[in-house]
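Colleague: Sequence:
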Amino acid sequence: MSKLIKWGLLSVLAIAVLIKLSLWLSVRSIMSDATAQLAPIMDIRYGGITSSFDGRIGLEKVEIHVPVIRDSLRVEHAELKFNGLGELLRFKERLAEGKFPEQMAVNLKGLALDVHGPFMQQLYDTPAERSVFTAMSEVACGKVRTIGTGELLDMGYRTFETDGQFSYLFQPGAQTLSFNLTSDTRDMGELRVGLSLANMSEKPGDLRVNPPKIQRVSVEINDNQYQRKVQEYCAGKLGLSTEAYLQAAVQQFDKVLRSQRIALEQPVLDAYGRYLADPQSLRVELEPSDGMVWDGLQFFDAKDVLSMLRPTVLVNRDVVAPLGFAWVDPHARPPVAAQELLAAQAVAVASGGAQEGFVSVASLADHVGKRLRFVTYDGMYYQGVLTRIVNDKAYLSLQGGNGTAEMSLRLEKIDQVRVQF
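So the sequence shown is residues 223 to 643, counted in this note's numbering.
In short, the hints are calculated from the structure, not lab data. Be aware that one or more of the hints could be misleading.
[Said to hold, decoys possible] Simulated crosslink set (EDC-like; lysine to aspartate or glutamate; CA at most 20 Å straight-line): (1) Lys435 <-> Asp517; (2) Lys303 <-> Asp385; (3) Lys314 <-> Glu301; (4) Lys314 <-> Asp276; (5) Lys459 <-> Glu628; (6) Lys331 <-> Asp385; (7) Lys451 <-> Asp406; (8) Lys331 <-> Asp376; (9) Lys283 <-> Asp336; (10) Lys525 <-> Glu487; (11) Lys435 <-> Glu324; (12) Lys615 <-> Glu360; (13) Lys425 <-> Asp336; (14) Lys283 <-> Glu309; (15) Lys451 <-> Glu465; (16) Lys459 <-> Glu360; (17) Lys459 <-> Asp376; (18) Lys425 <-> Glu309; (19) Lys459 <-> Asp347; (20) Lys615 <-> Asp588; (21) Lys459 <-> Asp614; (22) Lys321 <-> Glu424; (23) Lys435 <-> Glu509; (24) Lys283 <-> Asp293; (25) Lys451 <-> Glu383; (26) Lys525 <-> Asp551; (27) Lys435 <-> Asp406; (28) Lys303 <-> Asp293; (29) Lys615 <-> Glu465; (30) Lys435 <-> Asp445; (31) Lys365 <-> Glu351; (32) Lys459 <-> Glu315; (33) Lys451 <-> Asp336; (34) Lys314 <-> Asp293; (35) Lys321 <-> Glu309; (36) Lys635 <-> Asp614; (37) Lys365 <-> Asp637; (38) Lys477 <-> Asp637.
Using the sequences and the hints, build the whole thing.
Modeller: See below:
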(Lines of atoms letter the chains of each structure in order from A and count residues from 1; the text may use other names and numbers.)
(Lines give C-alpha, C1' and ligand atoms only; values in the text may rest on other atoms or scores of the structure.)
Protein backbone atom coordinates (compact mmCIF):
# COMPACT_ATOMS: atom_id res chain seq x y z
CA MET A 1 0.00 0.00 0.00
CA SER A 2 2.79 2.40 0.92
CA LYS A 3 4.51 1.73 -2.40
CA LEU A 4 1.25 2.43 -4.24
CA ILE A 5 0.91 5.81 -2.50
CA LYS A 6 4.57 6.54 -3.15
CA TRP A 7 4.29 5.79 -6.86
CA GLY A 8 1.02 7.78 -7.01
CA LEU A 9 2.72 10.84 -5.56
CA LEU A 10 5.65 10.43 -7.93
CA SER A 11 3.22 10.20 -10.87
CA VAL A 12 1.44 13.41 -9.83
CA LEU A 13 4.78 15.16 -9.43
CA ALA A 14 5.94 13.93 -12.84
CA ILE A 15 2.71 15.19 -14.48
CA ALA A 16 3.11 18.55 -12.76
CA VAL A 17 6.68 18.85 -14.00
CA LEU A 18 5.58 17.94 -17.53
CA ILE A 19 2.79 20.55 -17.46
CA LYS A 20 5.18 23.16 -16.10
CA LEU A 21 7.76 22.31 -18.74
CA SER A 22 5.09 22.31 -21.45
CA LEU A 23 3.92 25.78 -20.44
CA TRP A 24 7.48 27.07 -20.38
CA LEU A 25 8.27 25.61 -23.80
CA SER A 26 4.99 26.89 -25.23
CA VAL A 27 5.64 30.46 -24.04
CA ARG A 28 9.22 30.27 -25.25
CA SER A 29 8.10 29.03 -28.67
CA ILE A 30 5.50 31.80 -28.99
CA MET A 31 8.01 34.47 -27.98
CA SER A 32 10.64 33.08 -30.37
CA ASP A 33 8.16 33.23 -33.26
CA ALA A 34 7.00 36.73 -32.30
CA THR A 35 10.58 37.98 -31.90
CA ALA A 36 11.54 36.60 -35.32
CA GLN A 37 8.51 38.08 -37.09
CA LEU A 38 8.89 41.51 -35.47
CA ALA A 39 12.69 41.65 -35.80
CA PRO A 40 12.61 44.06 -38.81
CA ILE A 41 10.53 46.53 -36.74
CA MET A 42 11.55 46.05 -33.12
CA ASP A 43 13.92 44.15 -30.87
CA ILE A 44 12.20 42.24 -28.04
CA ARG A 45 14.17 40.96 -25.08
CA TYR A 46 13.11 39.42 -21.77
CA GLY A 47 14.84 38.08 -18.71
CA GLY A 48 12.80 34.99 -17.91
CA ILE A 49 9.51 33.06 -18.16
CA THR A 50 7.13 32.45 -15.26
CA SER A 51 4.18 30.03 -15.03
CA SER A 52 1.91 28.58 -12.35
CA PHE A 53 -0.80 25.96 -12.02
CA ASP A 54 -3.49 28.55 -11.24
CA GLY A 55 -3.49 29.74 -14.86
CA ARG A 56 -0.72 32.33 -15.01
CA ILE A 57 2.10 32.67 -17.54
CA GLY A 58 4.37 35.67 -17.79
CA LEU A 59 7.61 37.32 -18.80
CA GLU A 60 10.13 39.10 -16.59
CA LYS A 61 12.21 42.18 -17.47
CA VAL A 62 10.75 42.82 -20.91
CA GLU A 63 12.33 45.48 -23.10
CA ILE A 64 10.99 46.47 -26.51
CA HIS A 65 13.37 48.62 -28.52
CA VAL A 66 12.30 50.30 -31.79
CA PRO A 67 15.45 51.30 -33.72
CA VAL A 68 13.60 53.54 -36.20
CA ILE A 69 12.55 56.00 -33.53
CA ARG A 70 15.39 55.21 -31.10
CA ASP A 71 13.20 54.58 -28.10
CA SER A 72 12.39 51.73 -25.74
CA LEU A 73 9.46 50.53 -23.66
CA ARG A 74 10.24 48.59 -20.49
CA VAL A 75 8.01 46.27 -18.44
CA GLU A 76 9.09 44.71 -15.15
CA HIS A 77 6.56 41.89 -15.40
CA ALA A 78 3.96 41.06 -18.07
CA GLU A 79 1.47 38.31 -17.33
CA LEU A 80 -1.48 36.48 -18.88
CA LYS A 81 -3.93 35.28 -16.24
CA PHE A 82 -6.78 32.79 -16.60
CA ASN A 83 -9.27 31.33 -14.13
CA GLY A 84 -7.35 28.12 -13.65
CA LEU A 85 -5.20 25.82 -15.73
CA GLY A 86 -8.22 24.53 -17.68
CA GLU A 87 -9.05 27.99 -19.05
CA LEU A 88 -5.42 28.44 -20.02
CA LEU A 89 -5.41 25.16 -21.96
CA ARG A 90 -8.73 26.01 -23.68
CA PHE A 91 -7.43 29.44 -24.70
CA LYS A 92 -5.52 28.16 -27.74
CA GLU A 93 -8.36 25.79 -28.67
CA ARG A 94 -10.93 28.58 -28.93
CA LEU A 95 -8.53 30.75 -30.92
CA ALA A 96 -7.97 27.86 -33.33
CA GLU A 97 -11.78 27.56 -33.71
CA GLY A 98 -12.05 31.26 -34.56
CA LYS A 99 -13.85 32.10 -31.30
CA PHE A 100 -13.24 34.57 -28.49
CA PRO A 101 -11.63 33.07 -25.38
CA GLU A 102 -14.13 33.05 -22.54
CA GLN A 103 -11.87 34.77 -20.04
CA MET A 104 -8.52 36.49 -19.99
CA ALA A 105 -6.59 39.13 -18.07
CA VAL A 106 -3.36 40.91 -18.92
CA ASN A 107 -1.32 42.35 -16.05
CA LEU A 108 1.53 44.79 -16.59
CA LYS A 109 3.74 45.89 -13.70
CA GLY A 110 6.35 48.58 -14.02
CA LEU A 111 5.61 49.67 -17.58
CA ALA A 112 8.03 52.60 -18.07
CA LEU A 113 8.44 55.26 -20.75
CA ASP A 114 10.88 58.18 -20.77
CA VAL A 115 9.07 61.51 -21.02
CA HIS A 116 11.72 62.95 -23.35
CA GLY A 117 11.54 59.95 -25.70
CA PRO A 118 9.84 59.70 -29.13
CA PHE A 119 7.07 57.41 -27.81
CA MET A 120 5.88 60.10 -25.41
CA GLN A 121 6.31 62.79 -28.05
CA GLN A 122 3.95 60.86 -30.30
CA LEU A 123 1.42 60.57 -27.48
CA TYR A 124 1.59 64.13 -26.14
CA ASP A 125 3.04 66.44 -28.79
CA THR A 126 0.45 65.58 -31.44
CA PRO A 127 -2.89 66.82 -30.02
CA ALA A 128 -5.96 64.77 -30.87
CA GLU A 129 -8.68 66.33 -32.97
CA ARG A 130 -10.88 68.51 -30.79
CA SER A 131 -13.99 66.69 -29.60
CA VAL A 132 -16.18 66.19 -26.55
CA PHE A 133 -13.71 63.58 -25.33
CA THR A 134 -10.73 65.97 -25.42
CA ALA A 135 -12.42 68.79 -23.49
CA MET A 136 -10.76 67.92 -20.18
CA SER A 137 -7.31 67.65 -21.76
CA GLU A 138 -7.29 71.22 -23.11
CA VAL A 139 -5.83 73.79 -20.75
CA ALA A 140 -5.77 77.53 -20.23
CA CYS A 141 -2.00 77.88 -20.25
CA GLY A 142 -1.02 80.89 -22.36
CA LYS A 143 -0.20 79.87 -25.93
CA VAL A 144 -0.30 76.18 -24.99
CA ARG A 145 -3.63 74.45 -25.69
CA THR A 146 -2.57 70.97 -24.60
CA ILE A 147 0.22 69.73 -22.35
CA GLY A 148 3.20 68.36 -24.31
CA THR A 149 6.43 66.67 -23.31
CA GLY A 150 8.15 70.05 -22.82
CA GLU A 151 5.54 71.05 -20.26
CA LEU A 152 5.72 67.61 -18.61
CA LEU A 153 9.48 68.03 -18.16
CA ASP A 154 8.92 71.52 -16.72
CA MET A 155 6.43 69.99 -14.27
CA GLY A 156 9.04 67.53 -13.02
CA TYR A 157 8.05 64.37 -14.88
CA ARG A 158 10.96 62.30 -16.20
CA THR A 159 9.58 58.77 -16.50
CA PHE A 160 6.02 57.48 -16.62
CA GLU A 161 5.72 54.25 -14.63
CA THR A 162 2.38 52.44 -14.79
CA ASP A 163 0.81 49.32 -13.35
CA GLY A 164 -2.15 48.22 -15.46
CA GLN A 165 -4.64 45.43 -15.92
CA PHE A 166 -6.93 44.61 -18.80
CA SER A 167 -9.50 41.86 -18.29
CA TYR A 168 -12.68 40.56 -19.82
CA LEU A 169 -15.25 37.84 -19.22
CA PHE A 170 -17.26 36.43 -22.14
CA GLN A 171 -20.39 34.34 -21.54
CA PRO A 172 -21.34 32.59 -24.80
CA GLY A 173 -24.76 31.41 -23.60
CA ALA A 174 -25.90 34.84 -22.42
CA GLN A 175 -23.96 36.54 -25.24
CA THR A 176 -22.55 39.15 -22.87
CA LEU A 177 -19.03 40.51 -22.47
CA SER A 178 -17.67 42.50 -19.52
CA PHE A 179 -14.52 44.52 -20.04
CA ASN A 180 -12.43 46.30 -17.38
CA LEU A 181 -9.29 48.39 -17.65
CA THR A 182 -7.31 49.80 -14.73
CA SER A 183 -4.22 51.98 -15.09
CA ASP A 184 -2.36 53.40 -12.11
CA THR A 185 0.44 55.79 -13.06
CA ARG A 186 2.78 56.97 -10.31
CA ASP A 187 2.47 60.68 -9.43
CA MET A 188 -0.41 61.03 -11.90
CA GLY A 189 -3.51 59.10 -10.91
CA GLU A 190 -5.66 56.05 -11.47
CA LEU A 191 -7.94 55.47 -14.46
CA ARG A 192 -10.72 52.86 -14.45
CA VAL A 193 -12.83 52.01 -17.50
CA GLY A 194 -15.71 49.51 -17.48
CA LEU A 195 -17.80 48.30 -20.42
CA SER A 196 -20.63 45.78 -20.65
CA LEU A 197 -21.87 44.51 -24.02
CA ALA A 198 -24.98 42.50 -24.89
CA ASN A 199 -25.79 40.50 -28.03
CA MET A 200 -22.10 39.61 -28.27
CA SER A 201 -21.28 36.89 -30.79
CA GLU A 202 -18.50 34.45 -29.94
CA LYS A 203 -17.07 34.73 -33.47
CA PRO A 204 -15.29 37.98 -34.43
CA GLY A 205 -16.51 37.68 -38.02
CA ASP A 206 -20.14 38.07 -36.94
CA LEU A 207 -19.62 41.43 -35.24
CA ARG A 208 -19.73 43.45 -38.44
CA VAL A 209 -23.11 42.00 -39.48
CA ASN A 210 -24.60 41.89 -35.99
CA PRO A 211 -22.77 44.41 -33.77
CA PRO A 212 -23.14 44.17 -29.98
CA LYS A 213 -25.12 46.65 -27.90
CA ILE A 214 -23.64 48.71 -25.10
CA GLN A 215 -25.37 48.02 -21.80
CA ARG A 216 -23.20 50.12 -19.56
CA VAL A 217 -20.01 52.16 -19.74
CA SER A 218 -18.17 53.90 -16.92
CA VAL A 219 -15.04 56.03 -16.69
CA GLU A 220 -13.49 56.95 -13.36
CA ILE A 221 -10.41 59.04 -12.50
CA ASN A 222 -9.07 58.79 -8.95
CA ASP A 223 -6.45 60.79 -7.04
CA ASN A 224 -5.65 63.02 -9.99
CA GLN A 225 -2.23 64.36 -9.01
CA TYR A 226 -1.61 65.20 -12.66
CA GLN A 227 -4.53 67.66 -12.63
CA ARG A 228 -3.14 69.35 -9.53
CA LYS A 229 0.30 69.74 -11.12
CA VAL A 230 -1.13 71.09 -14.39
CA GLN A 231 -3.16 73.70 -12.53
CA GLU A 232 -0.19 74.78 -10.42
CA TYR A 233 2.05 74.93 -13.49
CA CYS A 234 -0.38 76.89 -15.69
CA ALA A 235 -1.43 79.24 -12.89
CA GLY A 236 2.24 80.13 -12.38
CA LYS A 237 2.76 80.53 -16.11
CA LEU A 238 -0.18 82.94 -16.36
CA GLY A 239 0.62 84.71 -13.10
CA LEU A 240 -2.80 83.83 -11.65
CA SER A 241 -3.83 82.97 -8.13
CA THR A 242 -5.33 79.53 -7.51
CA GLU A 243 -8.90 80.85 -7.42
CA ALA A 244 -8.43 82.92 -10.57
CA TYR A 245 -6.95 80.00 -12.46
CA LEU A 246 -9.76 77.64 -11.44
CA GLN A 247 -12.20 80.14 -12.95
CA ALA A 248 -10.12 80.26 -16.14
CA ALA A 249 -9.95 76.44 -16.32
CA VAL A 250 -13.73 76.07 -16.04
CA GLN A 251 -14.18 78.72 -18.73
CA GLN A 252 -11.76 76.85 -21.01
CA PHE A 253 -13.69 73.60 -20.47
CA ASP A 254 -16.94 75.37 -21.27
CA LYS A 255 -15.38 76.98 -24.36
CA VAL A 256 -14.20 73.63 -25.78
CA LEU A 257 -17.58 71.98 -25.22
CA ARG A 258 -19.36 74.92 -26.84
CA SER A 259 -17.14 74.46 -29.89
CA GLN A 260 -18.74 70.98 -30.09
CA ARG A 261 -22.28 72.47 -29.79
CA ILE A 262 -22.67 71.54 -26.10
CA ALA A 263 -23.37 74.10 -23.38
CA LEU A 264 -23.50 72.54 -19.92
CA GLU A 265 -25.92 73.99 -17.43
CA GLN A 266 -24.45 75.93 -14.53
CA PRO A 267 -24.86 73.20 -11.84
CA VAL A 268 -22.73 70.86 -13.96
CA LEU A 269 -20.05 73.52 -14.54
CA ASP A 270 -20.07 74.31 -10.81
CA ALA A 271 -19.55 70.60 -10.04
CA TYR A 272 -16.63 70.48 -12.47
CA GLY A 273 -15.17 73.52 -10.71
CA ARG A 274 -15.42 71.66 -7.39
CA TYR A 275 -13.58 68.73 -8.92
CA LEU A 276 -10.76 70.95 -10.20
CA ALA A 277 -10.45 72.52 -6.75
CA ASP A 278 -10.09 69.07 -5.16
CA PRO A 279 -9.56 66.37 -7.84
CA GLN A 280 -10.08 63.26 -5.74
CA SER A 281 -12.57 61.34 -7.86
CA LEU A 282 -14.59 61.91 -11.03
CA ARG A 283 -16.90 59.17 -12.31
CA VAL A 284 -19.19 59.21 -15.33
CA GLU A 285 -21.60 56.31 -15.98
CA LEU A 286 -23.89 55.74 -18.99
CA GLU A 287 -26.65 53.13 -19.26
CA PRO A 288 -27.99 53.63 -22.80
CA SER A 289 -31.61 52.73 -23.48
CA ASP A 290 -32.47 49.89 -25.84
CA GLY A 291 -32.42 50.86 -29.48
CA MET A 292 -30.43 54.02 -28.98
CA VAL A 293 -28.50 55.14 -32.10
CA TRP A 294 -25.15 56.69 -31.19
CA ASP A 295 -24.56 58.32 -34.56
CA GLY A 296 -27.78 60.34 -34.51
CA LEU A 297 -27.77 61.94 -31.06
CA GLN A 298 -27.19 65.42 -32.47
CA PHE A 299 -30.63 65.34 -34.10
CA PHE A 300 -32.50 64.87 -30.80
CA ASP A 301 -33.47 67.48 -28.22
CA ALA A 302 -31.04 67.76 -25.32
CA LYS A 303 -33.54 66.37 -22.79
CA ASP A 304 -34.19 63.36 -25.03
CA VAL A 305 -30.44 62.71 -25.34
CA LEU A 306 -30.17 62.59 -21.55
CA SER A 307 -33.14 60.24 -21.28
CA MET A 308 -31.50 57.88 -23.81
CA LEU A 309 -27.98 57.99 -22.34
CA ARG A 310 -29.19 57.92 -18.71
CA PRO A 311 -25.96 59.44 -17.35
CA THR A 312 -24.76 59.56 -13.75
CA VAL A 313 -21.93 61.86 -12.70
CA LEU A 314 -20.16 61.74 -9.34
CA VAL A 315 -17.65 64.33 -8.17
CA ASN A 316 -15.64 63.22 -5.15
CA ARG A 317 -18.30 60.50 -4.69
CA ASP A 318 -21.17 63.04 -4.51
CA VAL A 319 -23.87 62.71 -7.17
CA VAL A 320 -24.18 65.76 -9.43
CA ALA A 321 -27.80 66.82 -9.92
CA PRO A 322 -29.51 68.06 -11.92
CA LEU A 323 -27.69 67.14 -15.11
CA GLY A 324 -28.49 69.28 -18.13
CA PHE A 325 -27.14 70.84 -21.29
CA ALA A 326 -28.30 72.68 -24.39
CA TRP A 327 -27.33 72.55 -28.04
CA VAL A 328 -25.70 75.81 -29.14
CA ASP A 329 -24.21 77.36 -32.24
CA PRO A 330 -20.45 76.57 -32.06
CA HIS A 331 -19.67 79.93 -33.66
CA ALA A 332 -21.64 81.90 -31.07
CA ARG A 333 -19.75 83.51 -28.22
CA PRO A 334 -20.44 82.37 -24.66
CA PRO A 335 -22.93 84.52 -22.73
CA VAL A 336 -20.10 86.20 -20.80
CA ALA A 337 -18.15 87.24 -23.88
CA ALA A 338 -17.71 90.61 -25.53
CA GLN A 339 -21.17 90.90 -27.13
CA GLU A 340 -22.93 90.75 -23.77
CA LEU A 341 -20.45 93.18 -22.27
CA LEU A 342 -21.29 95.61 -25.05
CA ALA A 343 -24.98 95.03 -24.42
CA ALA A 344 -24.45 95.80 -20.74
CA GLN A 345 -22.63 98.97 -21.77
CA ALA A 346 -25.57 100.05 -23.91
CA VAL A 347 -27.98 99.48 -21.03
CA ALA A 348 -25.76 101.47 -18.68
CA VAL A 349 -25.49 104.40 -21.09
CA ALA A 350 -29.24 104.39 -21.76
CA SER A 351 -29.98 104.48 -18.04
CA GLY A 352 -27.56 107.31 -17.42
CA GLY A 353 -25.27 105.12 -15.37
CA ALA A 354 -21.58 104.34 -15.66
CA GLN A 355 -20.05 104.13 -19.12
CA GLU A 356 -17.44 101.79 -20.46
CA GLY A 357 -14.92 102.43 -23.16
CA PHE A 358 -11.92 100.84 -24.81
CA VAL A 359 -8.44 101.91 -23.79
CA SER A 360 -5.07 100.83 -25.12
CA VAL A 361 -2.81 98.42 -23.26
CA ALA A 362 -0.04 101.03 -23.40
CA SER A 363 -2.16 103.47 -21.38
CA LEU A 364 -3.01 101.08 -18.54
CA ALA A 365 -0.70 102.90 -16.12
CA ASP A 366 -3.09 105.89 -16.37
CA HIS A 367 -5.98 103.77 -15.08
CA VAL A 368 -4.52 102.32 -11.87
CA GLY A 369 -7.21 102.19 -9.19
CA LYS A 370 -10.07 101.82 -11.69
CA ARG A 371 -12.28 98.83 -12.35
CA LEU A 372 -11.66 97.28 -15.74
CA ARG A 373 -12.32 94.23 -17.86
CA PHE A 374 -9.71 92.37 -19.90
CA VAL A 375 -10.16 90.07 -22.90
CA THR A 376 -7.05 88.01 -23.75
CA TYR A 377 -5.98 86.73 -27.15
CA ASP A 378 -7.02 83.19 -26.22
CA GLY A 379 -10.61 84.31 -25.54
CA MET A 380 -10.53 84.46 -21.73
CA TYR A 381 -11.93 87.44 -19.81
CA TYR A 382 -11.16 88.89 -16.36
CA GLN A 383 -12.45 91.87 -14.43
CA GLY A 384 -11.23 93.62 -11.29
CA VAL A 385 -9.51 96.71 -9.93
CA LEU A 386 -6.14 97.49 -11.51
CA THR A 387 -3.66 97.91 -8.65
CA ARG A 388 -0.32 98.36 -10.44
CA ILE A 389 1.78 97.72 -13.56
CA VAL A 390 5.10 96.02 -12.78
CA ASN A 391 7.55 94.12 -15.02
CA ASP A 392 5.18 94.12 -18.01
CA LYS A 393 2.38 92.64 -15.92
CA ALA A 394 -1.00 94.10 -14.94
CA TYR A 395 -2.06 93.23 -11.39
CA LEU A 396 -5.77 92.98 -10.57
CA SER A 397 -7.68 92.75 -7.32
CA LEU A 398 -10.62 90.37 -7.78
CA GLN A 399 -13.70 90.32 -5.56
CA GLY A 400 -15.00 86.81 -4.80
CA GLY A 401 -17.33 85.06 -2.43
CA ASN A 402 -14.48 84.38 0.00
CA GLY A 403 -13.01 87.89 -0.11
CA THR A 404 -10.46 89.37 -2.50
CA ALA A 405 -7.74 87.70 -4.53
CA GLU A 406 -4.92 89.09 -6.65
CA MET A 407 -3.95 87.95 -10.11
CA SER A 408 -1.60 89.19 -12.81
CA LEU A 409 -1.73 89.21 -16.61
CA ARG A 410 1.17 89.68 -18.97
CA LEU A 411 0.60 92.76 -21.09
CA GLU A 412 1.49 90.84 -24.25
CA LYS A 413 -1.44 88.46 -23.62
CA ILE A 414 -4.06 91.24 -23.49
CA ASP A 415 -6.20 91.85 -26.57
CA GLN A 416 -8.81 94.36 -25.35
CA VAL A 417 -9.37 96.46 -22.25
CA ARG A 418 -12.54 98.20 -21.11
CA VAL A 419 -12.40 100.62 -18.21
CA GLN A 420 -15.42 101.76 -16.21
CA PHE A 421 -15.31 105.49 -15.55
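Colleague: Hint numbers the structure violates, sorted upward?
Modeller: 8, 12, 13, 14, 27, 28, 30, 32, 34
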